[in-house]
Amino acid sequence: MSIFVNGNTRLLVQGITGREGSFHARQMLEYGTNVVAGVTPGKGGQQFEGKVPVFNTVAQAVQTTEANTTVIYVPPMAAAAAIVEAADAGIPLIVCITEGIPVMHMSRTMPFVRSRGVRLIGPNCPGLITPGAKGKVGIIPGNICSAGRVGLVSRSGTLTYEVVNHLTRAGIGQSTCVGIGGDPIIGTNFIDCLRAFQEDPGTDAIVLIGEIGGTDEQNAAQFVKTRVTKPVVGFIAGQTAPKGRRMGHAGAIISGSSGTAEEKLAAFEAAGIGVMRRPADVVDLVRKRL
Amino acid sequence: MNIHEYQARALLKAQGISVLDGDVASTPTEAEAIARRLGGPVVIKAQVHAGGRGKAGGVRLAKNPSEALDHAAEILGMQIKGLTVQKVLVVPAAEIASESYVGLIMDRETQRPVFMVSSAGGIDIEDVAAKNPEKIMRLPVDPTYGLFPHQALALAFSLYQDFAQVKAAAKIMEQLYAGFVANGASLAEINPLVTTPDGRVLALDAKVVIDDNELFWRPDLGLLRDDTAEEPSEAAARRANLSFIKLDGDVGCVVNGAGLAMATMDLVKYYGGAPANFLDIGGSSSPEKVINALKIITADPHVKAILFNIFGGITRTDDVANGIVAATRQFKVSVPIVIRLTGTNEAEAIRILNAVGMTALSDMDEAVERVVKLAREAA
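Residue numbers (this note's numbering), protein chains in the order written: chain A, 382 to 671; chain B, 421 to 799.
The following block holds chain B by itself, in its conformation from the complex:
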């Protein structure tokens, strides 16, 4: 789960990390008031779950409160990568002596949290990792023990010479690790970590991604979710317990299992079509899930045909068939539906579909070819 910069700042601040003063605003007048309280020039930053905010014009310097009002008015409501800016963060314009990158990620290869630290800061760390990996210090942490003091110091020494700054940065490393663990993060990033001309070490921008699997027992973290920052159909799918991602094509896909769902999208492309979505209805099926899935897919006006691809294992294909029948009774589905199902309770599923004049195929390739053809004819 992505959270906003202002929320990530608050999580880091709660660990004791020095961040710039500042606050979040939903209206231009709120932004003006914050700028007045802070005094001096401020930076207005769009709060959206998208990179490249600066390039999109979502980050502006304001010399005084009235400029802050104007800039906030322009940024609020702005579209960045298809997402509407609902909030801005207002922070003092810091004087910067140096910028560094500090990141902590859950690494698949070492199966541990790994620090990535670089004095080439304020930049795209993936670029640096690809082109100049020697400029990044990597340090895996054994989660049984946590970050040792000597490790924190070694990370800090890779950034600074001044010992006061080294000590300050080492403390930030320890606090970042503590915050990573306390908030069930899969990524925690300070980019940039800056030094000021008077020698202070400060976190200027923060990013935290929370492991979705933590949310089940950490409802406090779930409260950080901003539904308005997501594609509306994806937010609706999540509330219905469906794993759904919207894409640009015209063939709607309803599949059980993530791997098969991806393979289905790929096969749609293989036969010359374009998938409109990724959708996994999950293992334990219920007619309810199928109804919700059809509602979400048919709400997309680009969808010209819908494919069900169900391989019954734990999923009972008769549950899916009942869901399709119930959905088409509840609301009109105006695009053609192609159904492929095989496996658990297949005969019963086919009987249920046949009773309402629907048919099902048992072969995946045949079903995908047919749905691609139908979508093309309707386009």
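Bound conformation, chain A alone:
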């Protein structure tokens, strides 16, 4: 079992003929993911890799292939419009990989996404992967993951790979790994993922990887305290980050004195979350709690 992506996932790739989209669509196909359609306006009627039909619009793709998940590799200026198109077509799970979408676009997009009752993961995220169902939606390298019963949720990309790699090498497999994205406005937050992992019978423990900036980790800690019975371990990146500077991710910034690593780690400890002092600690902390 898993969250959000499973054996029933029928994946659409928006931007499938672009440089990023085609590269990652190929990787997802190789991993064994059920890629049923692609969309690139103006390229409808083509076949991607000789087997995936390309459509002009998301609505046509959904009507023809019954796609129920979409992943977006569309340049920043068109990405919010691509999210809106997918939501308008009623796709229940939309994953947006694109980095660099203006925050005002996302502020305008989120109310529409909510009004359609669909879930957005990202933007500016690596997507998610369910190794047990060969479901790779995004860019997380498949070869570092292994099927198992630990759920992982993170705001980052390569730091997630680092932690997953430690787990896999130690023989600890994952139910689902989700990257929720490093932007200030994202569709799915830590709490949404914690709730899903708590309800998922295939997940026994949860790894939460946060970073400086905002209050999502603090809110997550509060949620863990009151609503999560499964063991949780957590990490916060940016303990050495200076205040007031954007650390790569648009959302990774300490404003004034709020959003610091200390504040978040204290919230973790108060909620009984096992605190990782470094990525490699994940193995021992998870083992102790399984």
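None of these hints come from the bench; they were simulated from the model.
Owing to the predicted nature of the structure, the values given are computational and were not obtained by experimental measurement.
Derived lysine-lysine pairs resembling DSS-like cross-links, with alpha carbons at most 30 Å apart:
#1 B:K689 x B:K715
#2 B:K475 x A:K624
#3 B:K501 x B:K551
#4 A:K624 x B:K501
#5 B:K627 x B:K587
#6 B:K551 x A:K606
#7 B:K551 x A:K624
#8 A:K624 x B:K555
#9 A:K624 x B:K689
#10 B:K483 x B:K433
#11 B:K666 x B:K793
#12 B:K501 x B:K433
#13 B:K689 x B:K793
#14 B:K715 x A:K624
#15 B:K793 x B:K715
#16 B:K689 x A:K669
#17 B:K752 x B:K666
#18 B:K555 x B:K587
#19 B:K627 x A:K624
#20 B:K793 x A:K624
#21 B:K666 x A:K624
Covered by chain B, per the in silico footprint, the following chain A stretches (three or more residues, Cβ under 8 Å):
#22 520-533
#23 540-551
#24 587-598
#25 613-622
#26 658-666
Think of the CB as a built atom: it goes at the ideal place given N, C-alpha and C, for glycine as much as any other residue.
Using the hints provided, position chain B relative to the given structure of chain A.
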């Protein structure tokens, strides 16, 4: 992207907001001429991207044009928090009856632009927010509709009793919102918004921060950037498309991915070292990026050792290895380099490095421990 006060004033003025007359000067004689044109006492204000300008002596009152000349001469060239003052703003010294705070920020929790308005003005709003949150009126705006007239009025009523002033302030709220949207801002602030003894409502100081993600398709906004107001190494990194922040330590860090870059800095500290920088070479690597990264890091004389920490996903580790080899051929790197790489095309990367007598580690902890030790030995 931060812009200067005089630029922020111009953006607000373009929306119709009343700001004090005044102009920007790069030389003392220009400042004197502006003061003469304005007549009466003026305030000379340093234009730097740093708070606490007043405390640093960067804001002075001048009674006449010759004092304006003297003060401008002192302020121009002054260092404030490590930044050199290149320009001053010269404005009339306004007579003030009251001061308020008006801010508009993109809020993460509500995912909307949120107004923050307080009659406790001219102060640090974060202080007020922490100690007396009840003194701030917060109002999220639905970006689908924009700021409604009744919302603008409610904000204004929280500041003033006089209805003429309320109407003037409500109009400023609407204009500030319009300016926020038109300029892709993540923050727009009037601090203070003042009333004069004759009853006018004026913006005395303005601050605007522009969302970096807007710059790609808004080259007009990019023109507002002042390269000289940044740390030179950071400006160079930005031109090379690298996300870089200079820090005080001696271990240079080259990492792919922002989260891993922060975790690497943290691990350097964990093992007793101090990171010299944050640097994310980004997802799609090229040897060129690695060369630029090494140039920027080795230009810092405090750097005693350099760590590469690359987890290949989209980033191809062989691209990074080629970049390291090419860079060391182009220029001499006189400090030790420790390389950790794993993931995509790892075997090829190791072959490339071995061919020139370099080695790579696959474990992050081992690499960080080693680079910290090397930096300590060199110090």
